[in-house]
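S.K.: Protein sequence lines correspond, in order, to chains A, B and C.
Counting in our numbering, the first sequence tops out at residue 283, every number present.
Counting in our numbering, the second sequence tops out at residue 161, every number present.
Counting in our numbering, the third sequence tops out at residue 350, every number present.
As a list, the in silico DSS-like pairs of lysine-lysine whose alpha-carbon atoms are at most 30 Å apart:
1. C:K55 / A:K151
2. C:K261 / A:K232
3. C:K55 / A:K156
4. A:K198 / C:K261
5. A:K189 / C:K69
6. C:K69 / A:K198
7. A:K189 / C:K266
8. C:K185 / C:K15
9. C:K72 / A:K189
10. A:K54 / C:K139
11. B:K14 / B:K109
12. B:K109 / B:K140
13. C:K261 / A:K189
14. C:K268 / C:K83
15. A:K151 / B:K109
16. C:K139 / A:K116
17. A:K5 / A:K232
18. C:K93 / C:K10
19. C:K32 / B:K14
20. C:K165 / C:K39
21. B:K109 / C:K32
22. C:K55 / C:K39
23. A:K13 / A:K54
24. C:K218 / C:K347
25. A:K198 / C:K72
26. A:K232 / C:K139
27. B:K109 / A:K145
28. A:K145 / A:K156
29. B:K109 / A:K189
30. C:K72 / B:K14
31. C:K268 / B:K140
32. C:K55 / A:K232
33. C:K39 / B:K14
34. C:K179 / C:K139
35. C:K32 / A:K156
36. A:K263 / B:K109
37. C:K218 / A:K54
38. A:K151 / C:K32
Note that these hints are calculated values from the structure, not bench results.
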Amino acid sequence: MDYTKQIQEIVAKLFAEDKIDVFAGYRMTGFDENQVPVLIQSSGEVSRLVFNDKSVFNLCNYLKYDHTRNKRVGLVVKGCDSRSLNLLLTEGQVKRERLYIVGIACDGVVDEQGNKMQNCEECMFPDALVYDELLGTQHPEGKYKVNSDIKELASKGLVERRAYFEEIFESCIRCNACRHSCPLCYCTKCCIDQETSKLYNGANNTSSAFHALMTWSLHLAGRCVDCRNCEKACPSHLPLHLLHKWNERVIYENFQEHLSGVKEGDRGAFYKYSLQDPDDFIM
Amino acid sequence: MEAVANNQLVSIEKPEIVAPPNWEPVIIGILCNWCSYAGSDLTGTSRIQYPPNIRIIRVPCSSRVDPWFLIKSLQTTADGVLVSGCHPGDCHYITGNYFARRRFLVTKKLLSFVGFHEDRVQFSWVSAAEGPKFAKVVAKVTEDIKKLGPLHLYKKENFDK
Amino acid sequence: MNVEIFVTDKAGLQKFYEAIIAKNETYAPVEKFGKFDFKHVSSLSECDPDSPIEKTMSAKPLFFPRSAKILKYTADSSGTTVKETDEDPLAGKRVILGMKHCDARGLQVLDKVYNWDYIDSDYQKRRQNTVVISTRCDKAGTHCFCTSLDYDVQNLDAMDVLIVKGQDGKIFIKARTEKGEDFLKSNPIDSANSKQHPASEEEMKKQYDAFAASFRLKMNYKEINENLSKIFDTPEFENVSSNCIGCNTCAFICPTCHCFKISDEKIKDSGVRYKCYDSCNNGYFTLMAGGHNPRPAKYRRWRQRAMHKFVYYKERFGENLCVGCGRCTISCPVNISIFEVVNQVAKSEK
Numbered sequence: 001m002d003y004t005k006q007i008q009e010i011v012a013k014l015f016a017e018d019k020i021d022v023f024a025g026y027r028m029t030g031f032d033e034n035q036v037p038v039l040i041q042s043s044g045e046v047s048r049l050v051f052n053d054k055s056v057f058n059l060c061n062y063l064k065y066d067h068t069r070n071k072r073v074g075l076v077v078k079g080c081d082s083r084s085l086n087l088l089l090t091e092g093q094v095k096r097e098r099l100y101i102v103g104i105a106c107d108g109v110v111d112e113q114g115n116k117m118q119n120c121e122e123c124m125f126p127d128a129l130v131y132d133e134l135l136g137t138q139h140p141e142g143k144y145k146v147n148s149d150i151k152e153l154a155s156k157g158l159v160e161r162r163a164y165f166e167e168i169f170e171s172c173i174r175c176n177a178c179r180h181s182c183p184l185c186y187c188t189k190c191c192i193d194q195e196t197s198k199l200y201n202g203a204n205n206t207s208s209a210f211h212a213l214m215t216w217s218l219h220l221a222g223r224c225v226d227c228r229n230c231e232k233a234c235p236s237h238l239p240l241h242l243l244h245k246w247n248e249r250v251i252y253e254n255f256q257e258h259l260s261g262v263k264e265g266d267r268g269a270f271y272k273y274s275l276q277d278p279d280d281f282i283m
Numbered sequence: 001m002e003a004v005a006n007n008q009l010v011s012i013e014k015p016e017i018v019a020p021p022n023w024e025p026v027i028i029g030i031l032c033n034w035c036s037y038a039g040s041d042l043t044g045t046s047r048i049q050y051p052p053n054i055r056i057i058r059v060p061c062s063s064r065v066d067p068w069f070l071i072k073s074l075q076t077t078a079d080g081v082l083v084s085g086c087h088p089g090d091c092h093y094i095t096g097n098y099f100a101r102r103r104f105l106v107t108k109k110l111l112s113f114v115g116f117h118e119d120r121v122q123f124s125w126v127s128a129a130e131g132p133k134f135a136k137v138v139a140k141v142t143e144d145i146k147k148l149g150p151l152h153l154y155k156k157e158n159f160d161k
Numbered sequence: 001m002n003v004e005i006f007v008t009d010k011a012g013l014q015k016f017y018e019a020i021i022a023k024n025e026t027y028a029p030v031e032k033f034g035k036f037d038f039k040h041v042s043s044l045s046e047c048d049p050d051s052p053i054e055k056t057m058s059a060k061p062l063f064f065p066r067s068a069k070i071l072k073y074t075a076d077s078s079g080t081t082v083k084e085t086d087e088d089p090l091a092g093k094r095v096i097l098g099m100k101h102c103d104a105r106g107l108q109v110l111d112k113v114y115n116w117d118y119i120d121s122d123y124q125k126r127r128q129n130t131v132v133i134s135t136r137c138d139k140a141g142t143h144c145f146c147t148s149l150d151y152d153v154q155n156l157d158a159m160d161v162l163i164v165k166g167q168d169g170k171i172f173i174k175a176r177t178e179k180g181e182d183f184l185k186s187n188p189i190d191s192a193n194s195k196q197h198p199a200s201e202e203e204m205k206k207q208y209d210a211f212a213a214s215f216r217l218k219m220n221y222k223e224i225n226e227n228l229s230k231i232f233d234t235p236e237f238e239n240v241s242s243n244c245i246g247c248n249t250c251a252f253i254c255p256t257c258h259c260f261k262i263s264d265e266k267i268k269d270s271g272v273r274y275k276c277y278d279s280c281n282n283g284y285f286t287l288m289a290g291g292h293n294p295r296p297a298k299y300r301r302w303r304q305r306a307m308h309k310f311v312y313y314k315e316r317f318g319e320n321l322c323v324g325c326g327r328c329t330i331s332c333p334v335n336i337s338i339f340e341v342v343n344q345v346a347k348s349e350k
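From just these sequences and the hints, can you work out the full model?
M.R.: Written as structure tokens, this is what we have:
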């Protein structure tokens with residue numbers, strides 16, 4: 001999967017036709033195989049753009065910063081990225097007419113060690129769902145698979161699971177990189193950072209990590225698109241996907257097979273309801 | 001293990017945590033203003049006894065309850081949480097409790113996944129006319145949580161009582 | 001100073017470590033989720049003192065914890081009572097194994113900050129009661145550039161005991177401070193394996209040269225210091241910071257970043273006051289109570305970070321704040337390299 005040339009041509013054309021002000025893509029770091037997201041403002045920089053299976057970061061994250069706000073933005077999206085873009089469009093965070101979307105029919109990306117990422121192996125929508133232009137050959141839609149880590153962990157006992165998650169909360173350093181790298185966390189000030197709130201956590205310890213991670217994952221439940229930006233960002237390498245994939249599974253199994261961001265206009269699972277929702281756990 | 005032999009209560013999630021003698025659980029009750037809070041009022045005015053372990057917080061609607069509140073309660077003082085609202089179809093705001101129902105299920109399942117027993121957070125529909133039901137619900141929740149033992153509180157240890 | 005250099009082999013070093021862990025409160029890198037963090041250990045099998053630099057968190061939290069209690073208080077109708085906190089869990093006598101040279105250098109930076117106008121007694125106590133045992137890396141990591149900065153990696157004062165892995169499996173152990181000498185006396189190296197070697201100093205030097213030659217990144221810090229101080233208003237900062245997502249990770253894992261915030265946690269009428277990490281990359285870091293924010297834009301925060309590392313600290317204390325460990329580059333979600341950024345900015349014209 002290498003669309004470097006095509007993307008460079010497209011972006012050069014877009015700048016020549018004055019269709020965009022800024023383009024979000026990837027460039028090489030210059031010192032290793034990895035890539036850095038880059039915001040390109042003029043046609044002179046187009047040659048820096050690359051795209052291959054190391055282009056992991058979800059660029060929809062950049063739609064929330066000043067550099068792109070109120071500008072005409074072009075960006076590259078893979079299947080998972082396009083789902084988060086769909087949600088951003090639905091939730092009114094970006095305007096479709098300001099975007100030029102280069103969609104990718106993605107064959108899966110790899111991590112720093114060169115192994116295919118876990119979410120790519122279980123991916124249901126590898127092709128961009130919203131685009132102005134699609135690169136690559138389209139794939140058939142995948143089937144829903146329960147994440148293997150979830151399956152394994154759910155089969156363990158309560159005590160074991162508690163001990164395992166306590167380790168996760170202990171290793172969290174509360175840098176909030178997970179939140180900042182999430183394309184769907186666009187609040188200007190996060191609720192867990194409101195110092196004046198009674199619910200605020202002053203300390204930076206296991207307790208506050210539990211509070212922050214659980215709150216964050218519940219606020220993303222029914223919206224998370226499994227792009228794994230958070231997990232890639234975590235300096236402690238915490239398996240944050242566990243929380244999201246578990247929520248995704250509960251929501252898929254209980255709420256009419258809801259999957260977030262698949263259609264434009266389809267809101268998160270918590271923004272709608274059905275009379276048939278399970279009721280048996282309520283007294 | 002000695003403590004267990006003496007029939008002392010241990011936390012079901014962390015067996016190394018033993019309840020102090022005469023331990024009583026603390027339960028946070030988050031009740032909707034229009035049904036459950038009025039229902040609990042009726043329980044009181046009807047002079048029906050229910051366990052005093054519950055601390056009641058009144059909210060406008062059960063859909064006002066962010067899962068965050070449950071997390072925070074468990075993190076600070078509570079051993080269990082009860083959230084109660086109007087019966088489906090009776091919501092003062094027409095559909096609030098349908099939205100709340102979805103959140104409750106996900107919150108409950110996530111908490112049980114990260115190692116908190118399912119019964120730590122419980123939900124009920126109690127209408128303004130169901131005084132006896134409210135007493136029964138509180139009795140059941142208290143009973144359940146007494147069985148589960150104390151929740152290991154990450155935070156309580158930081159504070160002097 | 002003519003200090004004894006002990007020579008031993010791998011088995012001897014292993015025994016030395018085991019004896020230390022058995023005898024002392026020891027902290028060493030413990031692997032969790034593929035990342036090494038310094039934790040209290042009770043046996044050598046739990047930890048890996050030779051953990052790779054790319055995967056090891058800094059040892060800063062052992063001296064400047066992520067959140068430390070300052071005081072406790074209760075407030076009721078009779079007034080507010082302030083109480084001392086419990087005993088500091090990090091203040092006791094302890095040993096740190098497997099600390100990297102960059103972390104040791106980070107301690108020297110923190111020493112200056114905490115001994116400047118206000119003497120932080122908690123930090124002092126933690127520092128005085130700790131014996132730092134540092135192993136020199138065999139080879140530079142991908143993002144390391146510690147040898148390019150203005151300090152002597154071979155001779156750091158913060159290391160009490162230095163361990164160098166020479167050629168042919170020889171391992172040199174040398175005390176660098178009085179604390180280290182006393183420590184080696186009370187924790188002797190297995191005498192069957194250890195012996196004096198006249199040419200040890202030279203062999204250690206040789207290992208250092210091989211280590212220094214393995215660096216991929218090299219910079220001329222003097223040029224960068226000088227250029228950066230002149231180009232405060234360069235638009236280049238806006239370019240290099242445009243893809244930063246403002247996540248604070250770089251500051252949280254940096255061995256020298258020392259900004260903190262004070263926050264309260266309260267239940268009912270009693271509360272605790274904490275000192276927690278904060279970062280200048282955080283948009284609310286400089287926000288004042290009146291609503292004014294002197295650094296509202298991302299590039300200004302980035303400029304502050306780069307300038308503090310390479311200009312402001314240098315002006316005040318005479319050396320760079322950055323130790324060149326490359327941890328921020330490794331942990332950055334979008335792979336921004338501070339090495340690349342300062343070089344690029346320093347080259348730009350005003």
